[in-house]
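Sequences listed follow chains B and X, in order.
Numbering-wise, the first sequence is residues 1 to 465 according to full-length UniProt numbering.
Numbering-wise, the second sequence is residues 1 to 465 according to full-length UniProt numbering.
I should point out that these hints are in silico values taken from the structure, not numbers from a laboratory.
In this text, all values refer to a predicted model and were calculated from it rather than measured experimentally.
Warning: the hint list may mix true and false statements.
No copy is singled out in the list; a pair is fine if it fits within one copy or between any two copies.
Distance condition first, Cα-Cα at most 20 Å in a straight line; then the derived EDC-like pairs of lysine to aspartate or glutamate [claimed, not checked]:
#, residue 1, residue 2
1, Lys272, Glu120
2, Lys357, Glu107
3, Lys338, Glu313
4, Lys220, Glu294
5, Lys323, Glu39
6, Lys160, Glu107
7, Lys431, Glu39
8, Lys431, Glu28
There are 2 protein chains.
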Amino acid sequence: MLFAKLTSAHIEEISKIVDSASYTVNQEELEKYGKDETEDLLFLPEIVVKPTNTDQISLLLKYCNEHHIPVTPRGGGTGLSGAALPIYGGLLLSMEKFNNILSIDTENLQATVEPGVITEVFMNAVEEKGLFYPVDPSSKGSCFIGGNVAHGSGGPRVVKYGTIREYILNLEVVLPNGDIIWTGANTLKYASGYNLTQLLIGSEGTLGIVTKIVTKLIPKPQQNVLMLGSFLSNEAACAAVSAIFRAGVTPSALEFMERRGVEWVIEFDDIKFDLKPEIEAFLMIEIDGNDLDEIFKNCEVINSVLEQNGCTEVLFADTAQQKEDIWRMRRTMAESVKSNSIYKEEDTVVPRAALPKLINGIKQIGIKYGFESVCYGHAGDGNLHINIIKGGMSDEDWNEKLKFGIVEIFELTVALGGTISGEHGIGYVQKDYMSIKYSPIHIQLMKGIKSIFDPNGILNPGKIF
Amino acid sequence: MLFAKLTSAHIEEISKIVDSASYTVNQEELEKYGKDETEDLLFLPEIVVKPTNTDQISLLLKYCNEHHIPVTPRGGGTGLSGAALPIYGGLLLSMEKFNNILSIDTENLQATVEPGVITEVFMNAVEEKGLFYPVDPSSKGSCFIGGNVAHGSGGPRVVKYGTIREYILNLEVVLPNGDIIWTGANTLKYASGYNLTQLLIGSEGTLGIVTKIVTKLIPKPQQNVLMLGSFLSNEAACAAVSAIFRAGVTPSALEFMERRGVEWVIEFDDIKFDLKPEIEAFLMIEIDGNDLDEIFKNCEVINSVLEQNGCTEVLFADTAQQKEDIWRMRRTMAESVKSNSIYKEEDTVVPRAALPKLINGIKQIGIKYGFESVCYGHAGDGNLHINIIKGGMSDEDWNEKLKFGIVEIFELTVALGGTISGEHGIGYVQKDYMSIKYSPIHIQLMKGIKSIFDPNGILNPGKIF
Numbered sequence: 001m002l003f004a005k006l007t008s009a010h011i012e013e014i015s016k017i018v019d020s021a022s023y024t025v026n027q028e029e030l031e032k033y034g035k036d037e038t039e040d041l042l043f044l045p046e047i048v049v050k051p052t053n054t055d056q057i058s059l060l061l062k063y064c065n066e067h068h069i070p071v072t073p074r075g076g077g078t079g080l081s082g083a084a085l086p087i088y089g090g091l092l093l094s095m096e097k098f099n100n101i102l103s104i105d106t107e108n109l110q111a112t113v114e115p116g117v118i119t120e121v122f123m124n125a126v127e128e129k130g131l132f133y134p135v136d137p138s139s140k141g142s143c144f145i146g147g148n149v150a151h152g153s154g155g156p157r158v159v160k161y162g163t164i165r166e167y168i169l170n171l172e173v174v175l176p177n178g179d180i181i182w183t184g185a186n187t188l189k190y191a192s193g194y195n196l197t198q199l200l201i202g203s204e205g206t207l208g209i210v211t212k213i214v215t216k217l218i219p220k221p222q223q224n225v226l227m228l229g230s231f232l233s234n235e236a237a238c239a240a241v242s243a244i245f246r247a248g249v250t251p252s253a254l255e256f257m258e259r260r261g262v263e264w265v266i267e268f269d270d271i272k273f274d275l276k277p278e279i280e281a282f283l284m285i286e287i288d289g290n291d292l293d294e295i296f297k298n299c300e301v302i303n304s305v306l307e308q309n310g311c312t313e314v315l316f317a318d319t320a321q322q323k324e325d326i327w328r329m330r331r332t333m334a335e336s337v338k339s340n341s342i343y344k345e346e347d348t349v350v351p352r353a354a355l356p357k358l359i360n361g362i363k364q365i366g367i368k369y370g371f372e373s374v375c376y377g378h379a380g381d382g383n384l385h386i387n388i389i390k391g392g393m394s395d396e397d398w399n400e401k402l403k404f405g406i407v408e409i410f411e412l413t414v415a416l417g418g419t420i421s422g423e424h425g426i427g428y429v430q431k432d433y434m435s436i437k438y439s440p441i442h443i444q445l446m447k448g449i450k451s452i453f454d455p456n457g458i459l460n461p462g463k464i465f
Numbered sequence: 001m002l003f004a005k006l007t008s009a010h011i012e013e014i015s016k017i018v019d020s021a022s023y024t025v026n027q028e029e030l031e032k033y034g035k036d037e038t039e040d041l042l043f044l045p046e047i048v049v050k051p052t053n054t055d056q057i058s059l060l061l062k063y064c065n066e067h068h069i070p071v072t073p074r075g076g077g078t079g080l081s082g083a084a085l086p087i088y089g090g091l092l093l094s095m096e097k098f099n100n101i102l103s104i105d106t107e108n109l110q111a112t113v114e115p116g117v118i119t120e121v122f123m124n125a126v127e128e129k130g131l132f133y134p135v136d137p138s139s140k141g142s143c144f145i146g147g148n149v150a151h152g153s154g155g156p157r158v159v160k161y162g163t164i165r166e167y168i169l170n171l172e173v174v175l176p177n178g179d180i181i182w183t184g185a186n187t188l189k190y191a192s193g194y195n196l197t198q199l200l201i202g203s204e205g206t207l208g209i210v211t212k213i214v215t216k217l218i219p220k221p222q223q224n225v226l227m228l229g230s231f232l233s234n235e236a237a238c239a240a241v242s243a244i245f246r247a248g249v250t251p252s253a254l255e256f257m258e259r260r261g262v263e264w265v266i267e268f269d270d271i272k273f274d275l276k277p278e279i280e281a282f283l284m285i286e287i288d289g290n291d292l293d294e295i296f297k298n299c300e301v302i303n304s305v306l307e308q309n310g311c312t313e314v315l316f317a318d319t320a321q322q323k324e325d326i327w328r329m330r331r332t333m334a335e336s337v338k339s340n341s342i343y344k345e346e347d348t349v350v351p352r353a354a355l356p357k358l359i360n361g362i363k364q365i366g367i368k369y370g371f372e373s374v375c376y377g378h379a380g381d382g383n384l385h386i387n388i389i390k391g392g393m394s395d396e397d398w399n400e401k402l403k404f405g406i407v408e409i410f411e412l413t414v415a416l417g418g419t420i421s422g423e424h425g426i427g428y429v430q431k432d433y434m435s436i437k438y439s440p441i442h443i444q445l446m447k448g449i450k451s452i453f454d455p456n457g458i459l460n461p462g463k464i465f
């Protein structure tokens, strides 16, 4: 791809579009915006721009499109696939000043929000109105809702409430040529031509810049109970997952944690937890609703399923503090594991009954290639995050051999009916694996769609394909 | 658009692809496949082909693509926007022989089904396994699930369970050049490049032919209660709709019926119902779940909301027969109304709190243009079906003046944050109204996507745009 390098003339033109506090070429700032949460990657942008309104973005894109300057949009910078890294330099478009909740409409159970609002801030604002926005990625405290849209984000509650796809009604989007459209309507149904809203969700900032988001909200469930089941093997824990659904219960969260992850959380996060020596895996199960009696009935069903599936102990978290501790264990696991070693994270997803085969296969592949892995994730969705740990692996093996192991993991995932990312996206680090999942015809269709929206290829180049 | 007219040479080549019982050029058959449930429209295809497997469809499309023969896919023929009408003649591709349920996977709560399976047949097969596929359009007894995918179908249970979009995991699709792809993966999450599954849903057979469908299934709710609330005005009934959700309850169906619709059902369908003279509108409210106590608690909440919102009487349907009678009233309303007069049906959808303004506006526009309308629909989703009745309107007014009234209805709908079709699609009869909702830029994007999938424009030409 041939892009223009930024000249002082370019910078001068860009500076006319935004005010002086809304762009920078300071080296320290460029470095800050040159990385996200993906491994230890760094790609410097040539300028960081922080626009404050849609018209500015329209002018910026129009200018960059005409001058072939790559534009990389960035949300909270919490991405795990490098989708926000400006790998061709150019303009880094930080959405951090789009941080207003424009309305929470309690008549229609909808909200209109800017993409730079932190997900948890939005969730809390909604809850203050007695409503619920259930899409809570583990990074909810720092990720932006715009980034969630870009990745089609999930989180623990997908298992009952669905991904962000089911909550986004309409998007205001700036196209690469500066045109502004609304993708859909503020309605719960939409059968009026191709669904551009759904196409934009998960497109990782490669088709347009989202500037407003209309979400669906739902009534907030009033009660929940949290259970933690202990298992003697990963496989037993994974096998219990699909048994729970077969018993007719849909938990509001169903998370898997491997022993090694729990050990590292205890070490890193100073969480008090009595980790018995024989326990290899945990399932964390939340059941929510408005009626405690019904929730307890569901707990009993789950309890009996767990017992029949090799669970040795079930802990019921009754108090808010107990619940918070267990949730924190799960939420800080990624950080804890990663603080210990150089790592790579994969985001496999399979039909949930295939989880035992997946986790067994991962461990076998690890033995073959000499890597350790720590797995955890949204087991209720069949979504397993695999943290591959460098540990004692040689630099040569890590840099050369490991990728063949990852290929084998993805081949297994796809063979089990799954795909190579459930919620982290393809971005920069997974794009080499796309051919494991997709035929050339399929990838050609995606590239064709890209060319319709962005004929000059300026928007987030080098991602997905 | 320039398409080839079918010659005997074409027919001979097509006949080599399928067996002799799977195609016809018989005039009576051509007429049968030249209409659907949309008004009284008729467009004759030149040949009707009923393939039995994906490879045949691949060969048929490849041949038609090379010879510029238009191909119009057809499901159950129950469409209300004329999307299955072969308006340029050519090959009518009936999917009726794709009528196998390939698997119901009770481990993963998924099913794989061919597109020619009747929706209700599929629902019943799923229920026999104790599971639930909640997408039940009113035409469920005769529509095909493939048609439902093509239109992004809804039905009464969308209000709690979502549209078909939330249940389709993966699609096998034949592209116009004969290539075959799977659009996604058999997983509950998917963040692996552009979501072609979601793009195909609602694309009305213009991008590819769906040949296999993988659906999500959920546990079947064990209990439900049905309530029927009577109101003195349409507006009062519509205003009560959003009040129910604001009270924190999500019904599994929330349907609006205008008095005139009920009158015609009573006349047409011989349903016994004590229709009080002062009653102008009804809300039919179903609450489902597994726990009758919790359901009754929700009924009490709803009952109190209804009382506060001008509901004069609430009927609780206790027995299966009572429930069936009320559902039948709603389900046969379309047919009853339409059996009385020439009609046009519009499928407006707005944010639900805007329903009172929408229904008032429709009646005002009707007075202005001299038409009567009968409205009913999925009020919980803000989705109102408007049946415009010719009645005493002159042919000239019907053919010339009415369309300006429809334009006003759609302008109102869009001004209220809505769109011109909630679940019936654009097809042939609504395409002239697309510019009310969409800017030229937006339509150009849709046409661009079409050109990527179908550069020769052979698939269902003359629809949507």
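For each hint, the structure was consulted:
no., hint, verdict
1, Lys272 with Glu120, "neither (25 Å within a copy, 53 Å between copies)"
2, Lys357 with Glu107, "between (47 Å within a copy, 14 Å between copies)"
3, Lys338 with Glu313, "neither (28 Å within a copy, 62 Å between copies)"
4, Lys220 with Glu294, "both (16 Å within a copy, 16 Å between copies)"
5, Lys323 with Glu39, "neither (30 Å within a copy, 58 Å between copies)"
6, Lys160 with Glu107, "between (24 Å within a copy, 17 Å between copies)"
7, Lys431 with Glu39, "within (15 Å within a copy, 49 Å between copies)"
8, Lys431 with Glu28, "neither (29 Å within a copy, 53 Å between copies)"
When each numbered hint is compared with the structure, violations occur for hints 1, 3, 5 and 8.
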